[in-house]
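Visitor: For this one, chain R is given, so just place chain C on it according to the hints.
There are 2 protein chains.
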Amino acid sequence: MTIRKEEDARGSIALMQRRVFFISDSTGITAETLGNALLAQFDGVDFEKVTLPFVSDQGLAEAAVRAINADAANGVRPVVFSTITNVDLYAIISRSDALVLDLFTAFLPRLEEEFQQGSTHATGRYHGLVNRDNYEGRIEAIDFALTHDDGASVKQYHLADIILVGVSRAGKTPTSIYLAMQFGIRAANYPLTSDDLDHGRLPDFLEPFVPRLYGLTIDPQRLRQIRQNRRPDSRYASLTQCRKEVSEVAAMFRDRGVPYLDTTNASVEEIASRVLQDTGLRRRSF
Amino acid sequence: MTIRKEEDARGSIALMQRRVFFISDSTGITAETLGNALLAQFDGVDFEKVTLPFVSDQGLAEAAVRAINADAANGVRPVVFSTITNVDLYAIISRSDALVLDLFTAFLPRLEEEFQQGSTHATGRYHGLVNRDNYEGRIEAIDFALTHDDGASVKQYHLADIILVGVSRAGKTPTSIYLAMQFGIRAANYPLTSDDLDHGRLPDFLEPFVPRLYGLTIDPQRLRQIRQNRRPDSRYASLTQCRKEVSEVAAMFRDRGVPYLDTTNASVEEIASRVLQDTGLRRRSF
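Protein chains in written order, with my numbering: chain R, 2 to 287; chain C, 2 to 287.
Incorrect hints may appear among the rest.
A pair holds if it fits inside one copy or across any two, identical chains being indistinguishable in the list.
[Claimed, not checked] No more than 20 Å apart at the CA atoms, straight line, and that leaves these computed lysine to any residue pairs for SDA-like:
1) Lys156 x Gln59
2) Lys156 x Glu115
3) Lys50 x Ala64
4) Lys50 x Arg139
5) Lys245 x Pro192
6) Lys50 x Arg111
7) Lys245 x Ser154
8) Lys50 x Thr280
9) Lys245 x Arg223
Since the hints were made in silico from the structure, they are not lab data. The structure presented is a predicted model; accordingly, all values stated were derived computationally and were not measured.
Looking at chain R on its own, in the form it has when it is part of the complex (with noise of 0.2 Å):
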């Protein structure tokens, strides 16, 4: 985040700063994640970010205002984000000296209108532990993910709902935990090393699987630096050995028909939006 100097009163030179508040009667993560959403589009505010999860009483409410407002006593207003859903405790929060935008305060009017019901108001209802099956879908998918991380296991990839297959340091593993973690997807990965790739073709047993195989491909600079990073001047990171492994495998994924994404400029949260949207991958938890 780039800072903004502007002259103060005294015409010294001042940060431009910005206290931000995320204030939620659960986590807090849906009032971090709404409110870093809107302060990525502001270039010029060094934003200072605190987090007070768990306001769930008068008391604790009350806590948080007096934060806020000695904030406040240093001369800029601060921002808060809120997600409380308890409308008595949001009253408390609503008169502090600060700007206050809350979630449920913005939508929940105009959905109950037009779901004709009020809505329940109830605290950790989207991060807490509501539907367990639910939750409990999502922790098998994160054991899945990690017992088939990296070609450890692959006598279960009858129950994996999608097989991340690629060169190594591709972005596979951490894509595979992030569907796990956050749609409860079941996902292995599966490195192709140049033992498969001297071959010529897949390794036998990932045949049956072809239809759940997707493919993530690196631009081999990048894949160069990033194993660069992690074994020096081995044969492994050369430019040569990386330019490579990813012209053969995007070869093999062209002829045996697998989709494949070029990860080079994206994030995780890209990488896995764009897996789902490519494949039609249904969400298991959402």
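Guide: Below, chain C alone, put in the same frame as chain R:
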């Protein structure tokens, strides 16, 4: 989600369903988070959820509108949660036959006024690869969590931000991974086994790291259920064994002043948020 049954116009029983679209010019993850947090406040509706990510040009926006309108033509107005940053694309979406709730329209004008500057309306600012250092810190934290999962390696504990300890199946692994994925925190985890517990004290190599330890406990009955699913009718899964381990570990936490949390009724998100709150650990990626 419970399903409300209602008589439709023809007098037969129909499910009260509502189609929901999450639309974004980036991953759609923020739109899903925002929308799901709101929808979780309504018990009486069965939501059919569809995500349309990467809606980044006019053609894709018009295709999204056709999908929405086709659904609207079936009789019940769909709900759209949008995080479209581009104003022209949002204008197209906003004219669909749906209740359209947009994050940016709702909050950006007030933030622009507050910060006295326009927002960038740039796509993919939050879940994209905008800040590579920050992003790579998260990927390294995931690597760290995997390398240091379940006591697999204990050599780099001096690089850990936190070391989760507790009996087997108390929630350490998914919490470590969540802390890494969501917050960029380097979390190791070490299972306290019967061997460790028989000695009645922490393993020697953990002693220098006591200030970084955080304990996870669990109700013995719940632990028994979880272990029973893994290794049915084993000594490991017996209630006697679960009770013994849980009580010995809790005594050790108290003895060595290790803060700890009961995970029995907590989700990974709740555990991770509590851990951050209790330890004051700063998010590295935020």
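Visitor: Flag every earlier hint the structure violates by its number, smallest first.
Guide: 1, 2, 7
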